[in-house]
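Please arrange chain H on chain F, whose structure you already have, making use of the hints.
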Amino acid sequence: MKQVQHGDVSKLGLLYERYKGDAFAYFYRCTGDQGRSEDLVQNLFIRMLKYRSTFGGHGEFSYWMFAMARNLYIDHVRKKDPLRKRQPMEYVPEEIDEDPNPEERMERSEKARQLHNALGKLSEEKKEAIVLSRFQGLKYREIAKMCNCTENAIKSRIQRGLLELKEILENTRV
Amino acid sequence: MKDLSVCEEAQWELINTLEKEDFSPRDIDRLKERFPDCSDFIQEQYAMWSSLDEIQVPEPSAAMDAGFYRTLSSYSQVNNQPFVLTRMANYLDRQVMSWSSVTRWTGVAALFIVGLFAGRFLLGVNTPASIKNEIVHHPSSEEASTTFVGYNAEANTAERLKEIQEVRNQPAGNHKIYEALNHALLNDKNVNVRLSAIESLVHFADDPEVRKYLIHAIPRQRSPLVQVALADAMILLHEKGARDAWEELLQSDDVQHDVKDYVEESLDKLY
Numbered sequence: 001m002k003q004v005q006h007g008d009v010s011k012l013g014l015l016y017e018r019y020k021g022d023a024f025a026y027f028y029r030c031t032g033d034q035g036r037s038e039d040l041v042q043n044l045f046i047r048m049l050k051y052r053s054t055f056g057g058h059g060e061f062s063y064w065m066f067a068m069a070r071n072l073y074i075d076h077v078r079k080k081d082p083l084r085k086r087q088p089m090e091y092v093p094e095e096i097d098e099d100p101n102p103e104e105r106m107e108r109s110e111k112a113r114q115l116h117n118a119l120g121k122l123s124e125e126k127k128e129a130i131v132l133s134r135f136q137g138l139k140y141r142e143i144a145k146m147c148n149c150t151e152n153a154i155k156s157r158i159q160r161g162l163l164e165l166k167e168i169l170e171n172t173r174v
Numbered sequence: 001m002k003d004l005s006v007c008e009e010a011q012w013e014l015i016n017t018l019e020k021e022d023f024s025p026r027d028i029d030r031l032k033e034r035f036p037d038c039s040d041f042i043q044e045q046y047a048m049w050s051s052l053d054e055i056q057v058p059e060p061s062a063a064m065d066a067g068f069y070r071t072l073s074s075y076s077q078v079n080n081q082p083f084v085l086t087r088m089a090n091y092l093d094r095q096v097m098s099w100s101s102v103t104r105w106t107g108v109a110a111l112f113i114v115g116l117f118a119g120r121f122l123l124g125v126n127t128p129a130s131i132k133n134e135i136v137h138h139p140s141s142e143e144a145s146t147t148f149v150g151y152n153a154e155a156n157t158a159e160r161l162k163e164i165q166e167v168r169n170q171p172a173g174n175h176k177i178y179e180a181l182n183h184a185l186l187n188d189k190n191v192n193v194r195l196s197a198i199e200s201l202v203h204f205a206d207d208p209e210v211r212k213y214l215i216h217a218i219p220r221q222r223s224p225l226v227q228v229a230l231a232d233a234m235i236l237l238h239e240k241g242a243r244d245a246w247e248e249l250l251q252s253d254d255v256q257h258d259v260k261d262y263v264e265e266s267l268d269k270l271y
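Chains F and H are the protein sequences, given in the same order. Numbering follows our numbering, in which position 170 of the first sequence is assigned residue number 170; successive positions increment by one, without gaps. Numbering follows our numbering, in which position 19 of the second sequence is assigned residue number 19; successive positions increment by one, without gaps.
Next comes chain F alone, as it looks inside the complex (with noise of 0.2 Å):
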């Protein structure tokens, strides 16, 4: 980042390398829509060589880069975009090629299907709390500094979003 920084912009393309696929899992599990995630990845490396001054050099890359998206897509869904207004994606697992139950398979992508459906159910605070500290490893003080709120409230955030996850996937099954 610090060879961006001086002007070396086309090591952009390792840092890419590096942290596309945390940065798209990221969006994934915000929106759950494949295309819209692989947009926003793109802007989000946009965003980062535009602001590659405000990187202070010291901490992690990977906060200031989460940062910089959870920001990307505080945006994107507060914009008046008509095209969200279509359903995301429908959720497909992965086949498990080595799986030699169809039956159990079948009852685990149910399941998958379940849980992110029930994730997407979520408001966009606990959603966003969950996914960084369970998916991105992200510290809860540290969630809590980008959200600029206390560590206690992303506890709470992750606390009622487990039991509203728990409540709606009941629901489901009802």
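Worth flagging that the hints you see were computed from the coordinates, not collected in a lab. Quantities reported herein were computed from a predicted structural model and do not represent experimental measurements. Where a beta carbon is used, it is the ideal one built from N, C-alpha and C, also for glycine. Please note: incorrect hints may appear among the correct ones.
Simulated pairs of lysine-lysine, PhoX-like, Cα-Cα distance not exceeding 25 Å [what the hints assert, rightly or not]: (1) F:K50 with H:K269; (2) H:K260 with F:K50; (3) F:K20 with H:K189; (4) H:K20 with F:K145; (5) H:K240 with F:K50.
Sample of chain H residues lacking proximity to chain F, with all beta carbon distances greater than 12 Å (derived) [claimed, not checked]: (6) Q45; (7) E59; (8) V202.
Coordinates of chain H only, in the frame set by chain F:
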């Protein structure tokens, strides 16, 4: 499930435990031993937390990489070009200003004449007449281009991208190609196809009709990537006739803040 208030402390401890770097399932067992009345609740919450692993994330498509590297390339071009030109201009400025008045004017006149010849040579390559000759000398070009003119919006993304990229091998002057590219730019659902359509239109941008299409598209794009690509294209082409289109876009709600900044910086460079 226990009442939340009864297990409040247990919940708090559970959330703290899940964050530990050296977390292991044994920590959950310890927690259940510590809060026996909330054992089921702790187990349920932990099970929910663990089950989130089952949500799989697909692999991003190759189009994402293509779009990123295309944007990075045009960003580098746009941001390096003025830098080089500015350095050259500053150098010439310093040299010319250090000459005496007679030498200065002689030098300026010489530069003007050199520029005139260079311009004539460069523009001569792409004058409408020479394009016309190219078409006359390539009788198969119209036939080849008809495959693109039949641009199929229903084809898959890879095919549409391929069609749009291959059209750059066609000679200039085919208005059916321009119309098809314009159609793709305005209507294609995939952002990478639209970005590719911009690149192909820029390839043919000596034609005023093509520039008109690019300008026309500016206020009609909602994708930030496409908006940035159009701004880049306008700078590369030194196209100053798009001011109204940019203002229309900037006044709409369809522009993100950072794209707005980028477009405004681009316009500053242009005008």
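So which hints don't hold here, by number, going up?
-> Those not satisfied are hints 6, 7.
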